[in-house]
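> Sequence:
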Amino acid sequence: MDWLIIIGTLVALVGLAGLVVSAVRVLRARRAGLDDDALKDAVRRAMVLNMGAFALSALGLMMVVVGVILA
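The sequence shown runs 2 to 72 under this note's numbering.
FYI, nobody ran anything at the bench for these hints, they're computed from the structure. Take these hints with a grain of salt, some might be off.
Stated by the list, open to error - Quick list of the computed label-pair ranges, beta carbon to beta carbon: (1) Leu62 <-> Ala24: 14 to 22 Å; (2) Ala72 <-> Leu17: 32 to 40 Å; (3) Arg31 <-> Ala72: 19 to 27 Å; (4) Leu14 <-> Lys41: 24 to 32 Å.
Only a predicted model underlies this, so the values are computations on that prediction, with no experimental measurement involved. The beta carbon of each residue, even a glycine, is placed where N, CA and C say it ideally should be.
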């Protein structure tokens, strides 16, 4: 089950990268000095990425745990 651990690690890392990208997008939007509605829009778009990346990261970690248990 080594392949499950490796694939799970890669999936978790992609999810982690998505979380970082989401945080960077929100920081850029805050520093851009956008008005309230535009800032809410930017945060809303980043939230979609954030939730998807979090789910992907959790799925990857579950794959790693299952791979370790089965190994």
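> Would you mind marking each hint as holding or not holding in the structure?
Verification of the supplied hints:
no.: 1; hint: Leu62 <-> Ala24: 14 to 22 Å; result: 19 Å, holds
no.: 2; hint: Ala72 <-> Leu17: 32 to 40 Å; result: 23 Å, violated
no.: 3; hint: Arg31 <-> Ala72: 19 to 27 Å; result: 44 Å, violated
no.: 4; hint: Leu14 <-> Lys41: 24 to 32 Å; result: 30 Å, holds
Checked against the numbered hints given earlier, this structure breaks hints 2 and 3; the rest are met.
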